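Top to bottom, those sequences are chains A and B.
In terms of numbering that gives the first Met the number 0, the first sequence opens at residue 0 and continues consecutively.
In terms of numbering that gives the first Met the number 0, the second sequence opens at residue 0 and continues consecutively.
Hints in this document: simulated from the structure, not taken from any laboratory.
Please read all numbers here as calculations on a predicted model, not as lab measurements.
Treat the hints with caution; some may be incorrect.
What the hints assert, rightly or not - Here are some of the chain A residues that sit facing chain B, going by a computed Cβ distance under 10 Å:
1) E297
2) L429
3) Y473
4) A516
Here a beta-carbon is modelled for each residue, glycine too, at the ideal position from N, C-alpha and C.
As a plain string of letters, each chain reads:
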Amino acid sequence: METDKAQVVVIGGGATGTGILRDLALRGIPAILVEQGDLAHGTSSRFHGLLHSGARYAVKDKEAARECIEENMILRRIAPNCVELTGGLFVQLPEDDPQYADQWITACTEAGISCAEADVQELIKKNPVLSPNVTRAFKVPDCAVDGFRILWGNVNSARRYGARVLTYHRVSAIHQSNGRVTGVELINQLNGQKRSIECEMVINAAGPWGGEVAAMAGLEVNVIKDKGTLVAYNHRLMNMVVNRLRPPGDGDIFVPHGTITILGTTSTTVDDPGCTKPGRDEVLALIKIGQEMVPELESYRLIRAFAGVRPLYQAGNATGGRSVTRNFALLDHQQRDGLAGMVSIVGGKFTTFRLMAEKTVDLVAGKLGVNAPCRTAREPLMAPVSEELLERGKRVFGVPGARKAAERLGDSFAQVVEQVEKNPDKGRILCECEVVSLAEIEHAAHSGDSFTLGDIRRKTRMGMGTCQGTFCSYRTLGALSGYPQFAGNHREYLTKFLQKRWKGMRPVLWGQQLREAQLSTGIYCTLFAMERMR
Amino acid sequence: MNKYTDVLIIGAGLSGLMAAAKAAEQGKKVMLVAKGMGAVGLSSGCIDLWGYNLEDPNQVCQDPLAEIARLCAVNPQHPYARVRDVLEESLLFFRRVCQENGYPYLDHRGGNWLLPTALGTLRPTYLAPASMALGDLQQVRGVLVVGFRELKDFYPDVLAANLKKSGVLQANCPLNTLMVCAGGGELTPNTLAHRLENPVVVDRIVDQIKPHLLPGAVLLLPPVLGERWDSQVAKNLAEKLGHPVYEVANIPPALPGQRLQQMLLHHVKGRGVEVVIGCTVNGARVADKRCTEVLATGAGKPIKISAKTVILATGSFLGGGLESKPGKAWESIFRLPVETGHEKWSARDFLSMAGHLFNQMGIKVNEHLRPVDKTGEVIIENVMVTGANLAGCNHPIEKCGNGVAVASGYKAGKLAGEVGE
Numbered sequence: 000m001e002t003d004k005a006q007v008v009v010i011g012g013g014a015t016g017t018g019i020l021r022d023l024a025l026r027g028i029p030a031i032l033v034e035q036g037d038l039a040h041g042t043s044s045r046f047h048g049l050l051h052s053g054a055r056y057a058v059k060d061k062e063a064a065r066e067c068i069e070e071n072m073i074l075r076r077i078a079p080n081c082v083e084l085t086g087g088l089f090v091q092l093p094e095d096d097p098q099y100a101d102q103w104i105t106a107c108t109e110a111g112i113s114c115a116e117a118d119v120q121e122l123i124k125k126n127p128v129l130s131p132n133v134t135r136a137f138k139v140p141d142c143a144v145d146g147f148r149i150l151w152g153n154v155n156s157a158r159r160y161g162a163r164v165l166t167y168h169r170v171s172a173i174h175q176s177n178g179r180v181t182g183v184e185l186i187n188q189l190n191g192q193k194r195s196i197e198c199e200m201v202i203n204a205a206g207p208w209g210g211e212v213a214a215m216a217g218l219e220v221n222v223i224k225d226k227g228t229l230v231a232y233n234h235r236l237m238n239m240v241v242n243r244l245r246p247p248g249d250g251d252i253f254v255p256h257g258t259i260t261i262l263g264t265t266s267t268t269v270d271d272p273g274c275t276k277p278g279r280d281e282v283l284a285l286i287k288i289g290q291e292m293v294p295e296l297e298s299y300r301l302i303r304a305f306a307g308v309r310p311l312y313q314a315g316n317a318t319g320g321r322s323v324t325r326n327f328a329l330l331d332h333q334q335r336d337g338l339a340g341m342v343s344i345v346g347g348k349f350t351t352f353r354l355m356a357e358k359t360v361d362l363v364a365g366k367l368g369v370n371a372p373c374r375t376a377r378e379p380l381m382a383p384v385s386e387e388l389l390e391r392g393k394r395v396f397g398v399p400g401a402r403k404a405a406e407r408l409g410d411s412f413a414q415v416v417e418q419v420e421k422n423p424d425k426g427r428i429l430c431e432c433e434v435v436s437l438a439e440i441e442h443a444a445h446s447g448d449s450f451t452l453g454d455i456r457r458k459t460r461m462g463m464g465t466c467q468g469t470f471c472s473y474r475t476l477g478a479l480s481g482y483p484q485f486a487g488n489h490r491e492y493l494t495k496f497l498q499k500r501w502k503g504m505r506p507v508l509w510g511q512q513l514r515e516a517q518l519s520t521g522i523y524c525t526l527f528a529m530e531r532m533r
Numbered sequence: 000m001n002k003y004t005d006v007l008i009i010g011a012g013l014s015g016l017m018a019a020a021k022a023a024e025q026g027k028k029v030m031l032v033a034k035g036m037g038a039v040g041l042s043s044g045c046i047d048l049w050g051y052n053l054e055d056p057n058q059v060c061q062d063p064l065a066e067i068a069r070l071c072a073v074n075p076q077h078p079y080a081r082v083r084d085v086l087e088e089s090l091l092f093f094r095r096v097c098q099e100n101g102y103p104y105l106d107h108r109g110g111n112w113l114l115p116t117a118l119g120t121l122r123p124t125y126l127a128p129a130s131m132a133l134g135d136l137q138q139v140r141g142v143l144v145v146g147f148r149e150l151k152d153f154y155p156d157v158l159a160a161n162l163k164k165s166g167v168l169q170a171n172c173p174l175n176t177l178m179v180c181a182g183g184g185e186l187t188p189n190t191l192a193h194r195l196e197n198p199v200v201v202d203r204i205v206d207q208i209k210p211h212l213l214p215g216a217v218l219l220l221p222p223v224l225g226e227r228w229d230s231q232v233a234k235n236l237a238e239k240l241g242h243p244v245y246e247v248a249n250i251p252p253a254l255p256g257q258r259l260q261q262m263l264l265h266h267v268k269g270r271g272v273e274v275v276i277g278c279t280v281n282g283a284r285v286a287d288k289r290c291t292e293v294l295a296t297g298a299g300k301p302i303k304i305s306a307k308t309v310i311l312a313t314g315s316f317l318g319g320g321l322e323s324k325p326g327k328a329w330e331s332i333f334r335l336p337v338e339t340g341h342e343k344w345s346a347r348d349f350l351s352m353a354g355h356l357f358n359q360m361g362i363k364v365n366e367h368l369r370p371v372d373k374t375g376e377v378i379i380e381n382v383m384v385t386g387a388n389l390a391g392c393n394h395p396i397e398k399c400g401n402g403v404a405v406a407s408g409y410k411a412g413k414l415a416g417e418v419g420e
């Protein structure tokens, strides 16, 4: 069995875990992050993609609201290519309690969130999908954020300082001796091989799996698993994030991302942290509520539904849902349970991941006797793409393609542009919906942590557009068939990928998307007879 | 603008074109209007009749016509049960039309061809154009898969790896791949097919392939050998190489389906059918269970068309013939009912061997292809339904879509001269 050594092992490759890894690395603490799947395969890719201003929490959770606005401003600064400065709106409809608005304005002001009343007529002119019945509207500094990109930004930054990452490695045991954690045991999810890491500290940042991870060390951490379903529209319905001005509830936020819009979410307590199946009833309920803000919602094309599990935390036993705080908690298991060398970071939100990481590493660094201060709020995640490089990119990918690739690739954009300059054939676009080139796909395949077509998708957005992978998955398989990790069982690779896309399409199979489904079953069954492929 | 015709066909897919060809042959005044180019251009270009055994759906069916006879007995709701009386004559008619236009479709001694696809899978089909009709893979003494550097939709190594795995080739059969250059740049299947119409380009490709040929080898290429149905590219290439050359089925756009459509369009226009592409039928007037006229828009202008018989060949959800909302589906022009069942519309697995209910949804018809309600009562007497609009056909799994289209289109064209007027 292979054995590694690191001072700290971080469990969980979501926003919090990767944020912690970066923070540790920047403070010079040797660390390995372990993740059971690909980075962001869990909660950190299954959310609105909303960088909260905090306004949503202002009335009920002032502390969470204050943290949000501070972190929002920090992420804009350190990760500009991951944040789209859309701005946000809170709109009130006739059926909403007007008194709530007054309460909300006061709460925002107290939390330091700017909220300026907007001219309703002008707003509707700029965002014509909005209901003409909107009574009041306020502008807040909400943004859209790309979860995948931030996570990879964290990891790449951490790697530059010597940190390591093991994806597709699930923790199977946490070893301890004399009341102190000594290491972890892992199982490679792709080939079943075991491996162990000796360490001084384990940080449990496993999100909805936090309770399960803690249990491996014999500890009890009450993570409430709260499933939220979201839908993706194949249109940019509006140019700003739009929230409903009333106490937080289901289906009351729209977030525009590039050419699509995400509407969510629902809230249901579940038992399984991996329960990411979007329910059809939840989808229909979402659309119904969403229609109050966007009356013509039914006529727009949905591309898919997806679901994520919020890891909520409340000390003691609580049931779940909207009433549970969105605050995070840092559990020092030495103090709490008498087990040295283990901390858990639970609860919280994507928006505040960096702060959660900072607090966690402050605690851990103290225990390890490291005095280096946190630098994650000051140091940019990646160097910006220069104008000159962008120009070179435009010559090989065209204007929109270059811009998208530059945003996706950040630091790696230069390498990909260079590849295409050397070999123009590599500039061909394999995913037409998201304008992803062969060079970019090959770059993702070369990265060392791409084992499935899904990993390529999360790194490049290949397969995330209108056709949901119908054309580009076949092309990507073809383009990568020379790579050892993709040369194996084509049926399995392709089926797994198409099945994941299918899972999201099924709850929205009507209208345009049903036509698309008929085309994709036509291609893979009628044309390729792939259902009987060996 | 007002138009009058005996037979109005809505849709330019395979069933619509078959209906037009048959009705025109019977001396009817025929008009065909279509929104777009029809789904036959997206298909393999082959006529899949029936792919597998009813008892063992993993076993390729050796006698599709006999299997369909058995199917009609066990599943009288299948569209084949409505058209079985004309099935054989419809196939003969189809082949005659193809032959007359110099684009013959070949059968495999009454059984199924088992043809390779670009993914390296094998698909059973009943009739194939000459450029695809690879006799028997078990007998070949070598395979060379040739791809084009300009084309992003075809990967010889993928085809070869999976063809090898399929176990159909003899164990010692050499299977090689080769990439050739057709002049550089990036090409779509259509622009590449256009370029290959130039004999100089073909010669350059022949030069690149020749050094890699092994005795007795057949060549497999992407479906780009020629733009038109009367193209000689595949034939010339085979002659110059001295080896048989075949196109394999691939993701759309692919030329064989497009060629079949062009050929049939050419045929029906030659028989006097008035064809209007880019014409959307938005609605219809129905009185006393008869359609008195349909309302269409072509080139931005409203058109009213009255016809004795209307053939609805509008192609399911994909073609726009059927529409849907959560829990509801209906036919888009006449609002004919579409049964959606109480079950889920789709199966959990994308590649489910049971198929998906949405692909089986459609319009119920009687033996004259007239739309009927739940009780079997005809809803509109002078409307007939064909092709993918018919309910009860699990075509992606059964491999029978184009077969149902040929037979139902033919039958509608034939009946247009006989009943309901």
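Status of each hint after checking the structure:
Because the closest C-beta pair between E297 (chain A) and chain B is about 7 Å apart, less than 10 Å, the hint holds. A cut of 10 Å between beta carbons decides the hint on L429 (chain A): the least distance to chain B is about 6 Å, and the hint holds. Hint on Y473 (chain A) holds. Least Cβ distance to chain B is approximately 6 Å, under the 10 Å limit. Because the closest C-beta pair between A516 (chain A) and chain B is about 7 Å apart, less than 10 Å, the hint holds.
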